[in-house]
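So the protein sequences, as listed, match chains Y and P. Counting in our numbering, the first sequence tops out at residue 141, every number present. Counting in our numbering, the second sequence tops out at residue 861, every number present.
One should not assume that every hint holds.
[Said to hold, decoys possible] A short list of chain P residues far from chain Y (calculated; beta carbon distances all over 10 Å): (1) 769; (2) 785; (3) 808; (4) 819; (5) 820; (6) 844; (7) 846.
[What the hints assert, rightly or not] Each computed BS3-like pair below joins lysine-lysine, with the alpha-carbon atoms no more than 25 Å apart: (8) P:859 x P:803; (9) Y:139 x P:859; (10) Y:84 x P:802.
None of these hints come from the bench; they were simulated from the model. Treat the numbers as computed from the prediction; the structure is a model and nothing was measured. Ideal placement from N, C-alpha and C gives every residue a C-beta, glycine not left out.
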Amino acid sequence: MKNRLKVLRAERDWTQADLAKALDVSRQTINAIEKGKFDPSLPLAFKAARLFNMAIEEIFKDQ
Amino acid sequence: MKESSTRSNWQNQMCKNTYQLMAWTGAWLCTTALVTFGSKYLWDYQASYSIVAISLNIIVGFGMIRANIRHLDGADELMKKVQFDAMGIALVVGVVFGLSYEQLHQIQLISIQPEISDLVMLIAITYMSTIIYGHRKYS
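Isolated chain P, as found in the complex (with noise of 0.2 Å):
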């Protein structure tokens, strides 16, 4: 069986499921800066206009979680368990210390004001770290 150079059923239905998610991640990224930089330099915080640019955000939002969702499906058992892990540690993490950094400035022991960026970046760092670790683990 030296058929290895042909891909199965199942590699093509991932790959297409990967591109898919890509290009639906690529689109969400878009209409997240259209919505930022649209209000503040295209039509000067105008109401309709920034009305219409997050319901698109939104609708796209909507598109990318059922590209994530089909490509977790598609996943076999050891990426799903991978991936799982790593969504359920960076979940904890940040909701935990996104919470005790919150508090952290309400009980005035930092200046700072937390931002909802800081959270997001949080999850994200700690999410592909948990995914590194994961591959590494079963490799």
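The following block holds chain Y by itself, in its conformation from the complex (with noise of 0.2 Å):
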């Protein structure tokens, strides 16, 4: 599944580590959701909406 957590992460100035701390998950997590090759849980996905305050489709797309 495709995301966009890498560019809003540049765009507040966050290493991967900040958002793993934001979002309760390790930062190999992180990495391996931006690589594609994880797809986050539901919960974990809306946790992630949240806190870019925005809506899941904006930050993940279905391919």
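Two chains, two separate frames, one set of hints: put the complex together.
As structure tokens, this is what we get:
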């Protein structure tokens, strides 16, 4: 699943560790999601949407 | 947000769960050693002492299992996926190859008597290899 996490993170000058801390996951999970190697669960996707104050569809795109 | 030097509550809890798992696993290993070597070198296989030692080993074993469950529950979803994949593969490999190894002896194709320690090592090596593979796959 494509996503804009890396772009959104960069816009806010956050590191992967910062984003991981904000979402209560490991940095490896953030890295895997950004690279498209791992799809987040729905609760995690909602958490990311709340963090960035955006709709889920604006962050994650179904291929 | 340059606060990655301080840990989140989740990270602190994960650290705590990991240390607890290490402590319980260490305790279980010590009680296992006590059963094995205590019987031989300390109380010369006296039944009452052996029963106490094995009971302690089982109780600590339950503690280790609970610590393992707590560790898994606290892990994030990627860590859980890697762990569950590794456990599934290790279990299947252990059952399939463990039984086959036992059958090789039963049908007299090999003369070596299979030991439970062989199965434990096979499961442990499979589990560790799959964990490493899982971490590399998602990095």
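Taking the hints in turn, this is what the structure says about them:
no.	hint	in the structure
1	769	holds, 48 Å
2	785	holds, 26 Å
3	808	holds, 15 Å
4	819	holds, 30 Å
5	820	holds, 32 Å
6	844	holds, 28 Å
7	846	holds, 23 Å
8	P:859 x P:803	holds, 12 Å
9	Y:139 x P:859	holds, 22 Å
10	Y:84 x P:802	holds, 23 Å
Of the hints listed earlier, there is not a single one the structure fails to meet.
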